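Visitor: Sequence:
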Amino acid sequence: MSKRILKINELLKRQIGLLLLKEVEFPKDVLVTITRVETSFDLRVAIVRVSVMPSSESKMVQKILSHRIYDLQQKINRMLEMRPIPKIIFREERETSEAARIEELLEKTKTDKN
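Going by the working numbering, the sequence shown wraps up at 1080, each residue one higher than the last.
It is worth saying that the hints were derived from the structure and are not from the lab.
Nothing here was measured: the structure is a model prediction, and the numbers come from that model.
Each residue gets a CB set at the ideal place from its N, CA and C atoms; glycine is no exception.
Check the hints yourself; a few may be wrong.
[What the hints assert, rightly or not] Straight-line alpha carbon distances no greater than 27 Å define the calculated DSSO-like cross-link-like pairs of lysine-lysine that follow:
{"#": "1", "residue 1": "Lys994", "residue 2": "Lys979"}
{"#": "2", "residue 1": "Lys988", "residue 2": "Lys973"}
{"#": "3", "residue 1": "Lys988", "residue 2": "Lys1029"}
{"#": "4", "residue 1": "Lys973", "residue 2": "Lys994"}
{"#": "5", "residue 1": "Lys1079", "residue 2": "Lys1041"}
{"#": "6", "residue 1": "Lys1074", "residue 2": "Lys973"}
{"#": "7", "residue 1": "Lys988", "residue 2": "Lys1025"}
{"#": "8", "residue 1": "Lys1053", "residue 2": "Lys979"}
{"#": "9", "residue 1": "Lys1074", "residue 2": "Lys988"}
{"#": "10", "residue 1": "Lys1025", "residue 2": "Lys979"}
{"#": "11", "residue 1": "Lys1025", "residue 2": "Lys994"}
{"#": "12", "residue 1": "Lys1029", "residue 2": "Lys1041"}
[Claimed, not checked] Quick list of the computed label-pair ranges, beta carbon to beta carbon:
{"#": "13", "residue 1": "Glu1061", "residue 2": "Ile971", "range": "16 to 22 Å"}
{"#": "14", "residue 1": "Leu997", "residue 2": "Ser968", "range": "27 to 33 Å"}
{"#": "15", "residue 1": "Ile971", "residue 2": "Ser1022", "range": "29 to 35 Å"}
{"#": "16", "residue 1": "Lys1074", "residue 2": "Ser1032", "range": "31 to 37 Å"}
{"#": "17", "residue 1": "Lys1074", "residue 2": "Glu991", "range": "35 to 41 Å"}
{"#": "18", "residue 1": "Lys1074", "residue 2": "Val1011", "range": "36 to 42 Å"}
{"#": "19", "residue 1": "Lys1076", "residue 2": "Pro993", "range": "30 to 36 Å"}
{"#": "20", "residue 1": "Met1045", "residue 2": "Lys1076", "range": "43 to 49 Å"}
{"#": "21", "residue 1": "Asp1008", "residue 2": "Gln981", "range": "17 to 23 Å"}
{"#": "22", "residue 1": "Gln981", "residue 2": "Phe1007", "range": "39 to 45 Å"}
Could you put together the complete structure from these sequences and hints?
Guide: Okay, structure coming up:
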């Protein structure tokens, strides 16, 4: 992956994170985190991976994000001084929940041995 794509990924992650913090109302006691951004080589699409805690609220958060995507995309377009601006697509981060499950299983085996 080129340095330019990596820089764009970090820029998008930071800017979208700020927008989510300031512009989007999530349910109480729900933590939404952008874990990573994957921008296509031609800069047309950026997949934004979102982690939700508790994971039971993931569907609701996806619904909120899909409902607000047009507004968020317009704000990103105004914030960034680059062309083309990638189309933002929100996806649930599955790797963090899998990692948490593995961590939980490791803890369980550790306590079982003691």
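Visitor: Now look at each hint and say whether the structure bears it out.
Guide: Hints versus structure:
1. Lys994 x Lys979: holds (23 Å)
2. Lys988 x Lys973: holds (23 Å)
3. Lys988 x Lys1029: Status holds; Cα separation ~18 Å.
4. Lys973 x Lys994: With Cα atoms ~33 Å apart, lysine 973 and lysine 994 exceed 27 Å; violated.
5. Lys1079 x Lys1041: Violated - the C-alpha atoms of lysine 1041 and lysine 1079 are around 53 Å apart, more than 27 Å.
6. Lys1074 x Lys973: Violated, because 39 Å separates the two Cα atoms, which is more than 27 Å.
7. Lys988 x Lys1025: holds (21 Å)
8. Lys1053 x Lys979: Holds. Lysine 1053 to lysine 979 sits at ~13 Å (cutoff 27 Å).
9. Lys1074 x Lys988: violated (39 Å)
10. Lys1025 x Lys979: holds (21 Å)
11. Lys1025 x Lys994: Measuring from Cα to Cα gives roughly 15 Å; hence the hint holds.
12. Lys1029 x Lys1041: Holds - the C-alpha atoms of lysine 1041 and lysine 1029 are around 19 Å apart, at most 27 Å.
13. Glu1061 x Ile971: 16 to 22 Å: holds (20 Å)
14. Leu997 x Ser968: 27 to 33 Å: Given a distance of about 32 Å, which is inside 27 to 33 Å, the answer is holds.
15. Ile971 x Ser1022: 29 to 35 Å: Hint holds: Cβ distance 34 Å, inside 29 to 35 Å.
16. Lys1074 x Ser1032: 31 to 37 Å: holds (36 Å)
17. Lys1074 x Glu991: 35 to 41 Å: holds (36 Å)
18. Lys1074 x Val1011: 36 to 42 Å: holds (39 Å)
19. Lys1076 x Pro993: 30 to 36 Å: holds (34 Å)
20. Met1045 x Lys1076: 43 to 49 Å: Check passed, 46 Å falls within 43 to 49 Å.
21. Asp1008 x Gln981: 17 to 23 Å: holds (20 Å)
22. Gln981 x Phe1007: 39 to 45 Å: violated (20 Å)
Of the numbered hints stated above, those contradicted by the structure are hints 4, 5, 6, 9 and 22, listed in ascending order.
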